[in-house]
Amino acid sequence: MSEPLLEVRDLAKRFPIGGGFLSRRPAAELRAVDGVSFSIAEGETLGLVGESGCGKSTTGKMVMRLLAPTAGRIAYAGEDVAGMTDDRTRWFRQQVQMVFQDPFSSLNPRKTVAEIVGQPIALLGEDGGDRRRLRERVFELLDMVGLDPNHANRYPHQFSGGQRQRIGIARALAVRPKLIVLDEPVSALDLSIQAQIINLLTDLQREFGLSYLFISHDLNVVEYLSHRVAVMYLGKIVEAAPAEALFRAPKHPYTQALLSAVLSEDGGSAPMVLEGEIPSPMAVPSGCRFRTRCPRAEPRCAEVEPALEPRAATHRAACHFPVS
Amino acid sequence: MTLVEDRGTAPSPALRSGSAAPLLEVRNLSTHFFTDRGVVKAVDDVSFSVAPGEVVAVVGESGSGKSVTSMSIMGLVPNPPGRIVGGQILLQGRDLVGLPRKAMQDIRGDRIAMIFQDPMTSLDPVFTVEDQMVETLRRHRDLSRGEARDIALETLDKVHVPDPPRRLKAYPFELSGGLRQRVMIAIALSCQPALLIADEPTTALDVTVQAQILQLLTELQRDNGMGIVLITHDFGVVAQCADRVVVMYAGRVMETGSREAVLQRPRHPYTQALLRSRPRLGERGRLTAIPGIPPDLANPLPGCPFANRCAETVDACWAGLPALQSVAGDAEPGRRVRCIRRESPT
Amino acid sequence: MTDAMQDFSRAELEAGRAAREAWEARAKRDARKPESSLRLLWTALKRDKLAMASAVFLLLVALATIFAPWLAPYGPNEANPSLRLEPPLTEGHLLGLDGQGRDILTRLLYGGRVSLPIALIPVAIATFISVILGLIAGFYRKGVGEVIMRVLDIFYAFPTVMLAIAIAGILGPGMMNVMLSIVIVLIPYITRVVYTATMVVSEEDFVQAARACGASDTRIIFSEVLPNVMSPVIVYGTTTMGLQVVFAAGLSFLGLGVQPPIADWGIMTASGRDVLSVAPHVSTIPGIVLLLVALAFNLVGDGLRDALDPRLRL
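Going down the list, the protein sequences come from chains B, X and E.
Mapping of the first sequence onto the numbering used here: position 96 corresponds to residue 96, and the numbering continues sequentially without gaps.
If you want the numbering used here, it's the 1-based position in the second sequence plus 324.
If you want the numbering used here, it's the 1-based position in the third sequence plus 670.
Chain B on its own, in the form it takes in the complex (with noise of 0.2 Å):
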């Protein structure tokens, strides 16, 4: 297997809270990502799945290099992006682009579709200061994203959320990234739209080779657009596995959960609710951190904390009394 385009290494986050104007001592730590670790192949899509405060935007974030890391180590194509030069970091950020869940605040106001689509080809792209030339790699990125070029001139506030975010696709691609990091893309949008954005996306990967890393709390979506998946749990991955082999035999009882609380529209079997909600990261639970609200948890899941270990070839699962 050939060097992945992406490697995580037990990257992590802690917020300090609390602290007033004159004491920096934190009150309390915030875990929101707390050792994670995977990779994402050239062409491939790591969906990683969960629910909210899980560390999966956090996670996201510190990929973009929108937020540093509290430890861990990220490498893209081999290099350790934190040791990166001024001059790798333009590459990079060339590399790797992002498309962000809300349609409505990720478009400046202020702006006309150009300006906005044509922001990273003036910050990143070579030929950013011929206007022309400019001008026109916008009306082709439109029209790849199945907007009207005509529409230009427009501002954000003329546009529906669909098309919206197909201009937020569009900014993404304007530098022709290797890399894109979709947070919870459709998650704000119709369901009559919500199709067309993942066939444009699936359409788009396929044309361009493009790896995603695809951020959701949708397992329907997930499994539809993921060669590979990773569920978080309280700012760990719980399992991780190839998306047929997860959505068929989950091993970890909390995808196994997850599974069954997505709601079919043939009713289907009753799903299995899981007790109490989610603890807060700021006092993650002893040992294995889903035992609380866990079936199947017994005195042992409080004391040791199950590492994510191989159950098949591919599959990966955090658990000591994993669902056979």
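A couple of the hints might just be wrong.
Sample of chain B residues facing chain X (criterion: CB under 10 Å; computed from the structure) [unchecked claim]:
hint: 1; residue: S52
hint: 2; residue: S160
hint: 3; residue: L189
hint: 4; residue: A195
hint: 5; residue: T202
hint: 6; residue: L204
hint: 7; residue: D218
hint: 8; residue: N220
hint: 9; residue: Y224
hint: 10; residue: M282
hint: 11; residue: R293
hint: 12; residue: P295
hint: 13; residue: E298
Derived from the structure by calculation, the hints contain no laboratory data.
Note that CB positions come from ideal geometry on N, CA and C, so glycine has one too.
Got chain B sorted already, so can you dock chains X and E onto it with the hints?
Below, chains X and E alone, put in the same frame as chain B:
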């Protein structure tokens, strides 16, 4: 099961179990918004009814008019720019349209209660749960603080809030998302409303918590014989707890019927396409997306509102609005579809 | 599809085709308009008749004072002692004469050349400084931002009017010193407006998107954040202008502002104090002008605020 003695307008037990007289009847409701760009017909000639103990799901995407429908029932349409321009909203036979503000305030929170997508919009951040529950109860019932507090405790217990006495003293920000939603449901239920309007009650919640809340709602509805109008965009939620379904698009009702009928035998091209475009577990590959975007309500389509996105459209679809009528081969009462391609041959 | 294809009459099909073409033409036409937020603002503002009337009024007042030398019937210090304190509508003197026999209309026109700039220039300067301070404080909330906001908090501790009077008193009377004191008094308030707006805008995803493209902080602050914090600043600035016109006049009234023989509306109001019972018009007319100007600025500010409020749009 009685938390508070019912008085006056409460439905009789007979009415609760039966399906004869509707609890809520929305007749030809039209709510329009008068904007710079023209009249936006957010809700246009919408009719449906809810029997006691029944869950009616109003399904649609943003701009379909489902939320404006619920605001209209609650008498909360922002005016200006919005106004109910026609129709009736009959709650136990009494028309709510045009009721004086005071009368509507008495009904709201008492006979009709509402829960929202974001609990923080209906919980006041500066008051404790106790303050808010007791205030709601005493507004509508002649109770002492102590009595109201007892009922509040009982209701919190009913919605499975762990350790009610402690939560009663809590401020909304001290509660997790799921607990806030439960507290909001408890406030909504404290006066034992005949009708509950749930506007996307689980959309903001995590999937594992969503399952808990839906289970709770179904349980409460079964126990209390309350009617529920469930506003949602999620067919999964519909499948989980709705009895009947009203599918809305661009301010119009496009299809109605029982849950089984709409989900398993959808007849309107819009419903069919919407159900097909939904990603499902266990399936991969290409999704069948609906092309285009919902119409600009300030420039409504001349005929069927779905005509510009419909795979089966013919020129006649643009000639005039199709009627909402029964379909050939479906004898179910209340089953209606608005499509000229589905009209039974006369 | 199990449904049988229905037969539609030719008339139905043709009517449908025509309706469809008309609709598509209209949709296309609507789509072509590039609606900048400025144009939207104008559309919304145009509907507010009161704000529009106020804006027109202010424009006329400004033009009248600018062209005072050509418009005024007399010289600003030209006195006709025989007509001292004559009331309005005296032959040749529309608004009457003051205690020294000077034409009040003339002096109002000339007074505006002091009263308006003495308030508006400091508002502009204070806004400029505050926007920079507020952007920096809101963007770098820890460290620099905290220092800026804490220092400005000290100014909050004093009542505005007292502070301005104290500053003007220390610096001594004069036009420049009045302007300086207004600038100092305004900065904490406008900075807070900018600071709050900047904090909100900095959290938006488009700021992250710019950062993901390697945009520098300076670039983000000026090209992404600044255009989005201007609305509340413009509203605040416009609303406060009216107050500052009155305020500057007030300082002159107290003798802390411009000194005679230069006359602004404040001095004119003050000069009629002694004759209030015999010739009330000497004080009240400049007072009414001050009131109308202040009111007009407020109404324009309110109109702008409503027009900029996204909740009122659909």
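Would the stated hint for B:E298 survive a check requiring a Cβ distance to chain X of less than 10 Å?
21 Å, violated
Classify the hint on B:D218 as holds or violated, based on whether any CB of chain X lies nearer than 10 Å to its CB.
The hint holds - B:D218 has a Cβ within 10 Å of chain X, the shortest such distance being about 8 Å.
When the least beta-carbon distance from B:L189 to chain X is tested against 10 Å, hint result:
9 Å, holds
Interface hint outcome for B:A195 [beta carbon to chain X under 10 Å]:
Holds, because the Cβ-Cβ distance from B:A195 to chain X comes to roughly 4 Å (cut-off 10 Å).
Have a go at the B:R293 hint: is there a Cβ in chain X nearer than 10 Å to its own Cβ?
8 Å, holds
Closest C-beta approach of B:Y224 to chain X relative to 10 Å, hint status
5 Å, holds
Against chain X, with CB atoms and a cut of 10 Å, does the hint on B:T202 hold up?
Cβ of B:T202 sits 7 Å from chain X, so the hint holds.
With 10 Å as the cut and Cβ atoms as the points, is B:N220 at the interface with chain X?
B:N220 check passes; min Cβ-Cβ to chain X is 4 Å, inside 10 Å.
Classify the hint on B:L204 as holds or violated, based on whether any CB of chain X lies nearer than 10 Å to its CB.
13 Å, violated
Let's test the interface hint: is any C-beta of chain X closer than 10 Å to that of B:P295?
12 Å, violated
Regarding the hint that B:S160 lies at the interface with chain X, is the smallest CB-CB distance below 10 Å?
5 Å, holds
Interface hint status, B:M282 versus chain X (Cβ within 10 Å):
It is violated, given that the least Cβ distance between B:M282 and chain X is near 13 Å, above 10 Å.
Going down the numbered hints, you'll see the structure goes against 6, 10, 12 and 13, while the others check out.
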